[in-house]
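Modelling step: build the complete structure from the supplied sequences, incorporating the hints.
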Amino acid sequence: MLRFTGKLRLRLSSCTLLGLALVGCGPLPVPSGLVYCSEGNPESFNPQTVTSGTTIDATSHQIYNRLIDDNPYTGEFIPALATSWHVSKDGLNYDFELRHGVNFQDRPYFHPTRQFNADDVVFSFERIIDKNNPFHFVSRTGYPFFESIGFEKLIKRVVKLDSDKVRFELNYPDASFMANMATDFAVILSKEYADQLQASGHMSDIDSKAVGTGPFMLVDYVKNEYIRFRRHPGYWGTIPSADQLVFDITPRSTIRLSKLIVGDCSISALPKAGELPVVAAHENLTLESQPGMNVAYWAFNTRKPPLDNIKVRQALAYAIDKQNLLRAVYQDTAVEASGILPPSSWAYTGTALDYQYNPQKARDLLKQAGIRNLSIDIWAMPVARIYNPNSQKTAELIQADLAAVGVRANIVSYDWSVFTRKLSSSNYDSVLIGWSADNSDPDNFYTPLLSCGSVASKSNRSNWCNAQYDKLINRAKVITDKGERTELYRQAEEVIDAEVPLVPLAYAKRMLLKHTDAPPILLMPFGGIGFNDMGNKGQQ
Amino acid sequence: MANYLIRRLNLFIATSLLLIGILFYATHLFPVDLGYALSGIQYPTDAQEAQIIEDYRLDKGSVRQFLAYTGERLSGNLGVSVTSKRPISEELLLALPASFELAFVAGLIALVFGVPLGVIAALTHHSALKKFIMAGTLTGYSIPVFWLGLTLALWFGVKLGWLPISGQINLLYEIRPVTGFMLLDTLLSDSPYRIAAFRDALLHIILPAVTLAVLPFTVVVRITRAAMVNVMGQTYIRAAEARGLPYSKIVLRHALPNALIPLLKHIGLMLGPFASYAIVVEVIFSWPGIGSWLVSGIYQRDYTVIQSGILAVALLIVFSSILIEVLYTLANPLSRKEFYGSN
Amino acid sequence: MAQTKIYLDDAIPSPAMKVWRVFASKPQALAGLWGVGMLLLLTLVGHYLAPFAAEFQDPDALLLPPSWNSNGTVEHFLGTDDLGRDIFSRLLYGVQLTFGTAVAIVSSALVVGVIIGSISGMMSGLKSSILGHLLDALLSIPSLLMAILVVAVTGPGLSNVFWAVGISLTPQFVRAIHQTVHEELQKEYVTAARLDGANALQIFWYVIMPNVWETVIIQTTLAVSAAILDIAALGFLNLGAQAPQPEWGTMVLQGLDSFLTAPWTVTIPGLAILLSVLSVNLVGDGLRSALTPMRN
Chain A
2 MLRFTGKLRL RLSSCTLLGL ALVGCGPLPV PSGLVYCSEG NPESFNPQTV TSGTTIDATS
62 HQIYNRLIDD NPYTGEFIPA LATSWHVSKD GLNYDFELRH GVNFQDRPYF HPTRQFNADD
122 VVFSFERIID KNNPFHFVSR TGYPFFESIG FEKLIKRVVK LDSDKVRFEL NYPDASFMAN
182 MATDFAVILS KEYADQLQAS GHMSDIDSKA VGTGPFMLVD YVKNEYIRFR RHPGYWGTIP
242 SADQLVFDIT PRSTIRLSKL IVGDCSISAL PKAGELPVVA AHENLTLESQ PGMNVAYWAF
302 NTRKPPLDNI KVRQALAYAI DKQNLLRAVY QDTAVEASGI LPPSSWAYTG TALDYQYNPQ
362 KARDLLKQAG IRNLSIDIWA MPVARIYNPN SQKTAELIQA DLAAVGVRAN IVSYDWSVFT
422 RKLSSSNYDS VLIGWSADNS DPDNFYTPLL SCGSVASKSN RSNWCNAQYD KLINRAKVIT
482 DKGERTELYR QAEEVIDAEV PLVPLAYAKR MLLKHTDAPP ILLMPFGGIG FNDMGNKGQQ
Chain B
1414 MANYLIRRLN LFIATSLLLI GILFYATHLF PVDLGYALSG IQYPTDAQEA QIIEDYRLDK
1474 GSVRQFLAYT GERLSGNLGV SVTSKRPISE ELLLALPASF ELAFVAGLIA LVFGVPLGVI
1534 AALTHHSALK KFIMAGTLTG YSIPVFWLGL TLALWFGVKL GWLPISGQIN LLYEIRPVTG
1594 FMLLDTLLSD SPYRIAAFRD ALLHIILPAV TLAVLPFTVV VRITRAAMVN VMGQTYIRAA
1654 EARGLPYSKI VLRHALPNAL IPLLKHIGLM LGPFASYAIV VEVIFSWPGI GSWLVSGIYQ
1714 RDYTVIQSGI LAVALLIVFS SILIEVLYTL ANPLSRKEFY GSN
Chain C
155 MAQTKIYLDD AIPSPAMKVW RVFASKPQAL AGLWGVGMLL LLTLVGHYLA PFAAEFQDPD
215 ALLLPPSWNS NGTVEHFLGT DDLGRDIFSR LLYGVQLTFG TAVAIVSSAL VVGVIIGSIS
275 GMMSGLKSSI LGHLLDALLS IPSLLMAILV VAVTGPGLSN VFWAVGISLT PQFVRAIHQT
335 VHEELQKEYV TAARLDGANA LQIFWYVIMP NVWETVIIQT TLAVSAAILD IAALGFLNLG
395 AQAPQPEWGT MVLQGLDSFL TAPWTVTIPG LAILLSVLSV NLVGDGLRSA LTPMRN
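Protein chains in written order, with the numbering used here: chain A, 2 to 541; chain B, 1414 to 1756; chain C, 155 to 450.
Just so you know, the hints here were simulated from the structure itself, not pulled from any lab data.
Keep in mind the model is a prediction, meaning the values are calculated, not measured.
Quick reminder that beta carbons are idealized off the backbone N, C-alpha and C, glycines included.
It cannot be assumed that every hint is accurate.
With a Cα cut of at most 27 Å, we get these calculated DSSO-like pairs of lysine-lysine [to be verified]:
1) C/Lys341 / B/Lys1544
2) B/Lys1544 / B/Lys1662
3) A/Lys362 / A/Lys423
4) B/Lys1572 / A/Lys459
5) A/Lys210 / B/Lys1498
Some chain B residues well away from chain C (every beta-carbon gap over 12 Å; in silico) [claimed, not checked]:
6) Leu1424
7) Ile1435
8) Thr1440
9) Ile1466
10) Ala1481
11) Lys1498
12) Pro1529
13) Thr1537
14) Ala1541
15) Leu1561
16) Lys1572
Shown next as structure tokens:
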């Protein structure tokens, strides 16, 4: 049962205010539960089909489970739906032993008759890699994460060995395979539910009326308003103590903070740096923060003139004052980025050459490139993300910096759903965006962000494809020695530095605001938020 | 009389058709595929595609298309929302009552406080009080509503911590919509928390309703005052005074009812600005009504939401203003010449 | 030779003079007039008076409070916003965007409204009735909804605000003028003029028009205040002027991010809107009460 001092204060004073309000006074009893002020609408209720953190937060750790989880501190894998696993010598076969007694959620639209087994695992991954699977094309957005890491090419097939044993056969060894199985995207769906939907012809419901094995089940979703979850009574792990979990969708961060102060929510996502003094001033609020595995960057569309000209890209990189940007946008909640890999990764070297703020050099480079009166569009995300709490403001700062070197910048912004839709059409000059890692493997930065394969899957916002770079990161993927991999990634950073497909801006801290008496939340450097993870992670 | 009502009904139908026509035209101008703009289905399957063409007669001329469009919209097929994939009519029915609730409470506040204050402003001999009231209403009339809302939220919500500033109710109370009016639904629900939920809903509506009430309140005060001054100068009031009736009775029984008639007319004129204000207020206080639904619709470029939201609000305004006009005519014998038609 | 006045002849003031006298006798109306005059002046020269450029960012002065606060500086008289931009300068630049645009929109709507309103007012019968219905339909779409429709078609921006607010204001002018012309047309002095042999154009211009101006003036002041509020509301909803334009409503929206730590970023632009609308309304109020005795 959650009740807060702020809430109590509210009752008392509203009693004086509404003394005559027909209903008497005294503290209001509130049903047991947890309200989380989240920043936006989920695009889907299946994380396989998206890359957006908002959707991950709302689904991955609430409705679903993965085969394995990733311990953020040790980098080890811990059992989830798989209790143990075995890798063949050649690194081509991964066998997973599955957990017994795992129940799927019982919903009004689906009543499970059996428990979780190998069929569910096979279905969940075949859907992604097999174009002949009836559910493959049900996702209109594809499977962006899996496409960006070349999952289809990697997996030869997924085999059911027996009802509680599954084998993944790989075409070639991949050091990041286990890490990718632990990402928030690799969730397990119900095969039985899929069959039922196929029989009834409502196949697209699989991604909206979600059924999983996770600690909370989806009850109700009203767009722009809320998502309501109820605890899953048959959950295999520690059953959540809260009856309900409600995501209160509140896009504006000031309003989220206000709601937190007033007591309408007990945990609130993505505070802006400027609001932290307010949090400090309220003694019943705390800030949870954690260096994040993320990077904010400014990507140039390298296929669109004049940004296909490397001199122009370099000039723009020299033109922006990152220090000023860090101060105004992040205040003390981020460090300046030197490359795309953040310092919390084991492969971080920090040796990449950096473009220091130098407007004169920028002007010279532009002159050399023979470009005058350059005018470019900067697309800025409308919502706060972990890696950038305020893209609009970032864009305005960059706009002013560019004006100083004679470049006109035009800021373009849409609501998040429209923004991602329009970005996919690749008709932009440059975009302020970022990446928040899903697992602890450094490949999770290099491959999805800049590899040639990720151009098609749209996670490479620079549309940049460089043979040398691809060779380096592909080599790094097949070897397991951390030292060797680190060296290869360092060389990859050098290629990026020379070619400037993007300008890395900042590595931001991950932050969450909560009431002091709200239950503790495990804030991981990467991945989505989970409201029941304390129990599980503590146990295993 | 019947003739008069039929003419008003005709007016309503004609205006509605024109409105639909305007929207139909605008739909063609939306920068997306026409079928998508009409149905809200972004990636239709072949069967859906055929259905859309069939429904909206997209293979026919524009007159047939318009008739089909009108038919679909009036029969309640408003398409689906591209963001939530749910039928628009369903979302609309969820959002409308919340807006009515807010508008109703705001209107009530405006009348309950506005009419007496208008009467006082008309009758008082304190010129300072009169000036104060008039200056106050003029300021209220000039305040940008979004700024007022934000300021109230800052003070009463965040600084003082008295009132919640967002939403309709604490989301932990799970209230099943029956009437759609949260205040009623909480009382009708069988949850053990119903009284607490009702009080919570009551606290939630205070700030948005007060913010929204400011515009109608100032108008009510000013119109009531002007009408009262006018009525009190009439000869029948002097006659009543001469008969020795008590002052309070003169004011309440003889003057006020007549002064309220022009008020009715002005309420009708005020509906448009009131709706604009309501949209802004709903956005500021995240009130889950049609205004915030519509504004997120435009942010999300949800074209079916935009069309139906505008259609619903505009039709409501047309309908209410005609209704108020009819009531006004019924209440005001002087305007009954309208019954017989002239102009 | 000095001329001495033998007769105390009362100079009969012109109607305009009479209106002015009544108007000027009210201090609040005069104050409003001063305010409007200032705003008009600032629309033209605000740019030159601003100490900083509207988009100039001072990285060493982020979220500086106004000068009367102990942490404020005189340099940034009304403080700075979260990008270190001088709020006072932005307000001065913003006069043109908020007030200037409002005046421009109202002027255009006025011209269109007077033309259509007069023509339709002189007409009668079916055509007039159709026009009336069309206007009613347009009038029933509140300005904000009209703006949403326009934005849906063309995307947000100040130029679209021009169309949106313009389209929703014009019918008001048309209707007001249509009605006045229509009413005047029934009056006896018009019949008298017609009997004198005046043609329609003469009747319209010399007989009716002088009596329509009052309606026009009152309607204009109402429209200007409504237009300012609409422009600002659209800016606030991010459907009108876009950041970093220093439109006042947009400034409020941008200030919202630092509302809890630096409330002045919201309060000051909001006050600017309030004071402008108040000035216009004071002038409108004064004019209305000055014109009313003449009308009766």
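Verification of the hints:
1. C/Lys341 / B/Lys1544: Status violated; Cα separation ~37 Å.
2. B/Lys1544 / B/Lys1662: holds, 26 Å
3. A/Lys362 / A/Lys423: Since the Cα atoms of A/Lys362 and A/Lys423 sit roughly 33 Å apart, the hinted pair is violated (cutoff 27 Å).
4. B/Lys1572 / A/Lys459: Violated, because 45 Å separates the two Cα atoms, which is more than 27 Å.
5. A/Lys210 / B/Lys1498: With Cα atoms ~12 Å apart, A/Lys210 and B/Lys1498 stay inside 27 Å; holds.
6. Leu1424: B/Leu1424 not clear of chain C: closest Cβ-Cβ about 7 Å, inside 12 Å.
7. Ile1435: violated, 7 Å
8. Thr1440: Violated, since 9 Å does not exceed 12 Å.
9. Ile1466: Correct as stated: the minimum Cβ-Cβ distance to chain C is 23 Å, above 12 Å.
10. Ala1481: holds, 21 Å
11. Lys1498: For B/Lys1498, whose nearest Cβ neighbour in chain C is about 20 Å away, the distance exceeds 12 Å, so it holds.
12. Pro1529: holds, 23 Å
13. Thr1537: Non-interface label on B/Thr1537 holds, nearest chain C Cβ at 19 Å vs cutoff 12 Å.
14. Ala1541: holds, 14 Å
15. Leu1561: violated, 8 Å
16. Lys1572: violated, 9 Å
In this structure, the hints that do not hold are numbers 1, 3, 4, 6, 7, 8, 15 and 16, in rising order.
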